[in-house]
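**Student:** Listed below are the residues making up each chain.
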Amino acid sequence: MKIKIGDIVLIIFIVLFSVLLLLFLNGGISKKAIVEYNGEVIQTLDLSKNATYNYDFQYHNSVEVKDGKIFVTYSDCPNNACVKTGEINKAGQLICCLPNKLIIRIVDDKEKVDVVVR
Amino acid sequence: MTKKISFCALFSALSIIISTFELYLPIPSIPGVKLGLANCIVILILIKYGYWYAMSVSIIKCFVVSMLFSGFTALLYSLSGAFFSLCVMTLLLKCKKYFSMYGISIAGAATHNFAQILVASILMQSKYIFNYLPILLLASVFTGVVVAVIVDLLNKRIKGF
Numbered sequence: 001m002k003i004k005i006g007d008i009v010l011i012i013f014i015v016l017f018s019v020l021l022l023l024f025l026n027g028g029i030s031k032k033a034i035v036e037y038n039g040e041v042i043q044t045l046d047l048s049k050n051a052t053y054n055y056d057f058q059y060h061n062s063v064e065v066k067d068g069k070i071f072v073t074y075s076d077c078p079n080n081a082c083v084k085t086g087e088i089n090k091a092g093q094l095i096c097c098l099p100n101k102l103i104i105r106i107v108d109d110k111e112k113v114d115v116v117v118r
Numbered sequence: 001m002t003k004k005i006s007f008c009a010l011f012s013a014l015s016i017i018i019s020t021f022e023l024y025l026p027i028p029s030i031p032g033v034k035l036g037l038a039n040c041i042v043i044l045i046l047i048k049y050g051y052w053y054a055m056s057v058s059i060i061k062c063f064v065v066s067m068l069f070s071g072f073t074a075l076l077y078s079l080s081g082a083f084f085s086l087c088v089m090t091l092l093l094k095c096k097k098y099f100s101m102y103g104i105s106i107a108g109a110a111t112h113n114f115a116q117i118l119v120a121s122i123l124m125q126s127k128y129i130f131n132y133l134p135i136l137l138l139a140s141v142f143t144g145v146v147v148a149v150i151v152d153l154l155n156k157r158i159k160g161f
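These protein sequence lines map, in sequence, to chains A and B. Using this note's numbering, you'd call the opening residue of the first sequence number 1 and step up by one each time. Using this note's numbering, you'd call the opening residue of the second sequence number 1 and step up by one each time.
No lab work stands behind these hints, which were simulated from the structure alone.
Partner residues are not named here, just some residues of chain A that face chain B (Cβ under 10 Å, in silico):
(1) 3
(2) 18
(3) 25
Per label pair, the in silico range of CB-to-CB distance:
(4) 64/A with 93/B: 53 to 63 Å
(5) 130/B with 46/A: 26 to 36 Å
(6) 1/B with 23/A: 50 to 60 Å
(7) 74/A with 59/B: 55 to 65 Å
(8) 66/A with 94/B: 58 to 68 Å
(9) 154/B with 96/A: 44 to 54 Å
(10) 59/B with 15/A: 26 to 36 Å
(11) 130/B with 32/A: 13 to 23 Å
(12) 142/B with 31/A: 35 to 45 Å
(13) 123/B with 32/A: 18 to 28 Å
(14) 21/A with 125/B: 12 to 22 Å
(15) 74/B with 59/A: 35 to 45 Å
(16) 24/B with 67/A: 46 to 56 Å
(17) 161/B with 32/A: 55 to 65 Å
No more than 30 Å apart at the CA atoms, straight line, and that leaves these computed lysine-lysine pairs for DSS-like:
(18) 156/B with 4/A
(19) 156/B with 2/A
(20) 94/B with 156/B
(21) 2/A with 94/B
(22) 2/A with 159/B
(23) 2/A with 97/B
(24) 4/A with 34/B
(25) 101/A with 127/B
(26) 96/B with 2/A
(27) 49/A with 31/A
(28) 127/B with 49/A
(29) 127/B with 69/A
(30) 31/A with 127/B
All C-beta atoms in this analysis are idealised placements derived from N, C-alpha and C, irrespective of residue type, glycine included.
Next comes chain B alone, as it looks inside the complex (with noise of 0.2 Å):
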């Protein structure tokens, strides 16, 4: 079990990295669309060790990162969004047989996307927030599909853990 720590801290690190890099790419941005770049780790994870192991890597993303770059509200939305979100893929990677990677991470991003809107609307008090969500799910589904492409060479790729 100290293996599968000792590597978890290493991804931990490596998500945090790749979140801070993905906060520097160019890439023009209505509010709140990001690639989650970082969601392939943790989604790594989750195929690998299981749900719990998958939780804690992405509970110390959201605070890591939150804390260096945008703040207790934005860890608000983080967490939300991260919790949902890995349950909802955590219950659709049982269902092997109907949802292949596309659908599992592309279930994740909506997810994640809903829950965030979710957590703002309640904390700005204001209904007109959901109007961000269309082109959020739209956008979560191209996102999804990049994450996938990307943990299937992953877990093809790197061995050993």
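Just chain A, same shape as in the assembly (with noise of 0.2 Å):
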């Protein structure tokens, strides 16, 4: 079978699309975060807001918010995975801290209900 230059045409443009789709295709810059301890929320956090907190379960976390920005800025559980995140201000991003059994989850500000995949 030979191929004919409308297949090549198409495997390109479904490439270049597919690529300009990951560039684009971001949670956009949101203002909210919720932390959920266990799976269940248990604050919503503004990150328009310059603030602290400091969540304490089997180990320590303490989550700064700084310009838009969240982040672990100290924890004293074993792999400090959290902290090693770094920075996250988009929508769909988050930190956890498995053995504090804390996610920080930055949510999009209109949507209200995280998506469900089956």
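Two independent chains are provided; combine them into the complex using the hints.
**Tutor:** As structure tokens, then:
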């Protein structure tokens, strides 16, 4: 079976389209973050207000909100993956401290429900 | 014409079996990425019998597979994907000068995925579903090539219908 010109055009078009989608389809910078402990939302944070928050469960997490970004400044959990994650500010991004069962998730301002995929 | 109907019934059953078999393959998946091997049958019917017979086989396959395995929502996604995919493929089949089997099957796979994502984003009221689209589209290029090769083989080997 020979490849024809239309096939090549189609493949290039699809690849370009996918790349464009990847570049432009971010969650978008959002101002609302939710904090979940053990899967349940315990707090909603406003990212436009600079503040620090502390969470003490199995371990300690110090979280700071600054200039619309949120990040974990200090944690005494064993792997410190939460601190290493750094800053997040876009909807859909999250920082988790699994030993402390804590998830900080940035949520879109306009949508109320997080997507459930079955 | 009864000969065509009988063969379509046979091929419908075959496509259902292939779909079932495909669900049990241990291929790691991003949600929604499927090989779509049953589409080989649908495309074969499209080439030999035309649009209406292929659409019938496709609809039967969607109904039975969804009823057997997933449920009504999956049926909705399946039907919309299959419908648009078949329309696009029929159109491309008329431009044989520019598109070979590869292009037709890739276009079919890509349209199928795109339509499913579209329906999913409407049903779930979320534009974030489109984040799946880039990977799905790239995967559809590969699965399209696989299906095209198989259809070509089937077309050459299966005779008499």
